[in-house]
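Asker: Okay, here's what each chain looks like letter by letter:
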Amino acid sequence: MKTMLFTLWRYRYFILGAIKNELLTRFARNRLGAIWMIIHPLAQVAIYTLVLSAVLSAKLPGINNQYAYAIYLMAGILSWSLFNEVLNRCLNVFLEHGNLLKKIAFPHLTLPLIVTGHALLNHALLFLATLAVLVILLHPPTLSLLWIPLMVLLNLGLALGLGLSFGILNVFIRDIGQIVPVILQFWFWLTPIVYTTSMLPESYRALFLLNPLSAIVMGYQDILVYGHRPELTQLIYPACLAALTLALALFLYRRASQEMVDIL
Amino acid sequence: MKDHVPVLEIINLGKAYRDFGHEWRRILSWFGFPFKPRAEYWALENINLNLAPGEAVGIVGQNGAGKSTLLKLITGTLKPTTGKVIVRGRMAAILELGLGFHPELTGRQNAYHIAGLMGCSRQQTDAIIDAIEDFAEIGAYFDQPVRTYSSGMQMRVAFSVVSSIRPDILIIDEALAVGDAYFQHKCFRRIRTFKEQGTALLFVSHDPGAVRTLCERAIILERGRLLRSGSPDTILDYYNALIACKEEETIRQQAGLTRSGSGEARIISASLHGQDGPRNIFISGEPACINVVLDLHNSLDDLTLGILIRDRLGNEVFGTNSFNLGIPLHSLTGKPAPQTLRFTIPKLNLGPGSYSLTVALHAGFAHTIKNYDWWDGALTFEVVCPTERPFIGVAALDVQLQIS
Numbered sequence: 087m088k089t090m091l092f093t094l095w096r097y098r099y100f101i102l103g104a105i106k107n108e109l110l111t112r113f114a115r116n117r118l119g120a121i122w123m124i125i126h127p128l129a130q131v132a133i134y135t136l137v138l139s140a141v142l143s144a145k146l147p148g149i150n151n152q153y154a155y156a157i158y159l160m161a162g163i164l165s166w167s168l169f170n171e172v173l174n175r176c177l178n179v180f181l182e183h184g185n186l187l188k189k190i191a192f193p194h195l196t197l198p199l200i201v202t203g204h205a206l207l208n209h210a211l212l213f214l215a216t217l218a219v220l221v222i223l224l225h226p227p228t229l230s231l232l233w234i235p236l237m238v239l240l241n242l243g244l245a246l247g248l249g250l251s252f253g254i255l256n257v258f259i260r261d262i263g264q265i266v267p268v269i270l271q272f273w274f275w276l277t278p279i280v281y282t283t284s285m286l287p288e289s290y291r292a293l294f295l296l297n298p299l300s301a302i303v304m305g306y307q308d309i310l311v312y313g314h315r316p317e318l319t320q321l322i323y324p325a326c327l328a329a330l331t332l333a334l335a336l337f338l339y340r341r342a343s344q345e346m347v348d349i350l
Numbered sequence: 054m055k056d057h058v059p060v061l062e063i064i065n066l067g068k069a070y071r072d073f074g075h076e077w078r079r080i081l082s083w084f085g086f087p088f089k090p091r092a093e094y095w096a097l098e099n100i101n102l103n104l105a106p107g108e109a110v111g112i113v114g115q116n117g118a119g120k121s122t123l124l125k126l127i128t129g130t131l132k133p134t135t136g137k138v139i140v141r142g143r144m145a146a147i148l149e150l151g152l153g154f155h156p157e158l159t160g161r162q163n164a165y166h167i168a169g170l171m172g173c174s175r176q177q178t179d180a181i182i183d184a185i186e187d188f189a190e191i192g193a194y195f196d197q198p199v200r201t202y203s204s205g206m207q208m209r210v211a212f213s214v215v216s217s218i219r220p221d222i223l224i225i226d227e228a229l230a231v232g233d234a235y236f237q238h239k240c241f242r243r244i245r246t247f248k249e250q251g252t253a254l255l256f257v258s259h260d261p262g263a264v265r266t267l268c269e270r271a272i273i274l275e276r277g278r279l280l281r282s283g284s285p286d287t288i289l290d291y292y293n294a295l296i297a298c299k300e301e302e303t304i305r306q307q308a309g310l311t312r313s314g315s316g317e318a319r320i321i322s323a324s325l326h327g328q329d330g331p332r333n334i335f336i337s338g339e340p341a342c343i344n345v346v347l348d349l350h351n352s353l354d355d356l357t358l359g360i361l362i363r364d365r366l367g368n369e370v371f372g373t374n375s376f377n378l379g380i381p382l383h384s385l386t387g388k389p390a391p392q393t394l395r396f397t398i399p400k401l402n403l404g405p406g407s408y409s410l411t412v413a414l415h416a417g418f419a420h421t422i423k424n425y426d427w428w429d430g431a432l433t434f435e436v437v438c439p440t441e442r443p444f445i446g447v448a449a450l451d452v453q454l455q456i457s
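Taken in sequence, the protein lines are chains A and B. If you're matching positions, the first sequence starts at 87 in the numbering used here and goes up one per residue. If you're matching positions, the second sequence starts at 54 in the numbering used here and goes up one per residue.
This is chain A alone, in the form it adopts within the complex (with noise of 0.2 Å):
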């Protein structure tokens, strides 16, 4: 564990390095650049707004605002599209790069690593346009703001581990691979994102928290929308999912790490 970590802190010029020609390579060749980062996930929540805002008749309970419905959307879709990106690229990582792996000798976990750092640069751009939208819909965030590095953590924290997992998993069983996508777009909408656990039947909201990332999203939500701290008795249970979730990641990295190439 610790070598593990000292390498990597050796490699952290080569993934720093990495992260930026991603970037350079994402934008060499089309204008907008870095906008297009934010344009998707915002487009999103302009395309559920028209649609959804008028059958759920824009208002949300204890916020006085005629945008609530956007603002709660926008908050939903920052915490996910966190998730989903770091998922989605942490399952593919090592069969894009299965070449690479094969050919030159560097710590695999530099991968994901780069991937992460990429998808956490695209969400702190996506999140610094969620708070100049916010400032125009006249909705300026608070205080509790602070709190938004918590849920960022955690949210990657679930990413990761899920998605080393799966990722590590996907080289040995390629089915894994489609089966993950699908599996998010339930997850999307298992989640409280286009619309609030309020709106749902009473009995059904202790099964919403068994979801860990309905927990995360309205965290987000509790600080972009309503100014207040997210409810920490209610982070508990995602943080030890996330914490649990790594462990297996890193225990499947060590177990794997050794067929992992010759299966590639």
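You may find that some hints are simply not true.
As the list claims (entries may be wrong) - Between beta-carbon pairs, the in silico distance windows are: (1) G316/B x R341/A: 37 to 43 Å; (2) R260/A x Q197/B: 32 to 38 Å; (3) N333/B x Q264/A: 53 to 59 Å; (4) E93/B x K88/A: 29 to 35 Å.
What the hints assert, rightly or not - Here chain B is said to cover these stretches of chain A; the calculated rule only asks that three of the stretch's residues, wherever they fall, bring their Cβ under 8 Å from a Cβ of chain B: (5) 236-243; (6) 254-265.
Because the hints were derived from the structure by calculation, they are not lab data. Small disclaimer: the values here were computed from a predicted structure and weren't measured. Think of the CB as a built atom: it goes at the ideal place given N, C-alpha and C, for glycine as much as any other residue.
Following the hints, position chain B against chain A.
Answerer: Just chain B now, kept in the frame of chain A:
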């Protein structure tokens, strides 16, 4: 130099690929479930090799002999199943040129990226980047995206980066085969300089010249085992003999593989004869004849018997048939007893090599009309050069030289 501590020690190295039948079993076995691999395929077994500083060893072997596996085990991308690899010092490997290059990034950015991949820090790369640029000699292209490069230019940058710092062990896998002659020479010069300074070299190549000039020792891998080790000359000779054996084997394997046709007329056997009886080795220019025994008990209006000689790669060398020779055969059909026909070749004017014979029965001038029996690789034979008048190539032309 031989008395130095070896920079590379390979002890009893083996690599097995395991098949668990289903991958779930493999994954469950990590968690301690008692699943045993269903089959093990040993790509390498029992390899022992030492490399002293400044020593160059060439590795030859056919495709699938385990060369790449060995290099991957040495560089550490693969983990050995048995034995170990001890590396003393810095190792640099060129297993594939242009690997890890981003086409959209410039040569300079890629150089930083690859150097980072090899474990160089930013500052270290800063210190060598000018040397890399100078050595690559691609001018302003160094700051252009790699997608605009020719493969030769990519190779220049790739080699420059990998060889920018003198390693203690340099591993090269046929990478130098591409690129222009000028740069190849430059690469070899650099490799020689490294060698003189104490770099050990492990070199995989199909180019016998490169192995001979660069290496003082060579090893031959065959089916995952180290078959022989010795001077490059003896090893390369041994290797060539091995390949020749293989070629014959593959021709024999191909023989009899393709047999098709309606079966209305059938070829019972085909044999090759010299002056003194059946044989399958001929000296180029000797007389030969092909005897074909046919089963023609069905009456057929139209029958053609054809022969086709192919070289070891399956290229058609010569073919003819009874139609082209102007001999109608339909009168032979409808008789129960086997019929023997003979093609005589006064001079078998083929070049040295292995050949296979296809015999076919069909209607008309080609088999596309009606194919009765088509037998690819009915037999194989060797042609050797006459010792008194050797020549090369696939045909023996009767060439005279006059001085006027």
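Asker: Verify the CB-CB distance for R260/A and Q197/B against the hinted window 32 to 38 Å.
Answerer: Holds - the Cβ-Cβ distance for R260/A and Q197/B, about 37 Å, lies within 32 to 38 Å.
Asker: Can the suggested window of 29 to 35 Å be confirmed for the beta-carbon pair E93/B and K88/A?
Answerer: Once the Cβ atoms are compared, 33 Å apart, the range 29 to 35 Å for K88/A and E93/B holds.
Asker: Hint says 53 to 59 Å; check whether the CB-CB distance for N333/B and Q264/A agrees.
Answerer: 54 Å, holds
Asker: Using the Cβ atoms, figure out if G316/B sits within 37 to 43 Å of R341/A.
Answerer: Check failed, 58 Å falls outside 37 to 43 Å.
Asker: Has the stretch 254-265 of chain A got at least three residues whose CB is nearer than 8 Å to a CB belonging to chain B?
Answerer: holds (count 3)
Asker: At a Cβ distance under 8 Å, does chain B reach at least three residues of the stretch 236-243 of chain A?
Answerer: violated (count 0)
Of the numbered hints listed earlier, those contradicted by the structure are 1 and 5.
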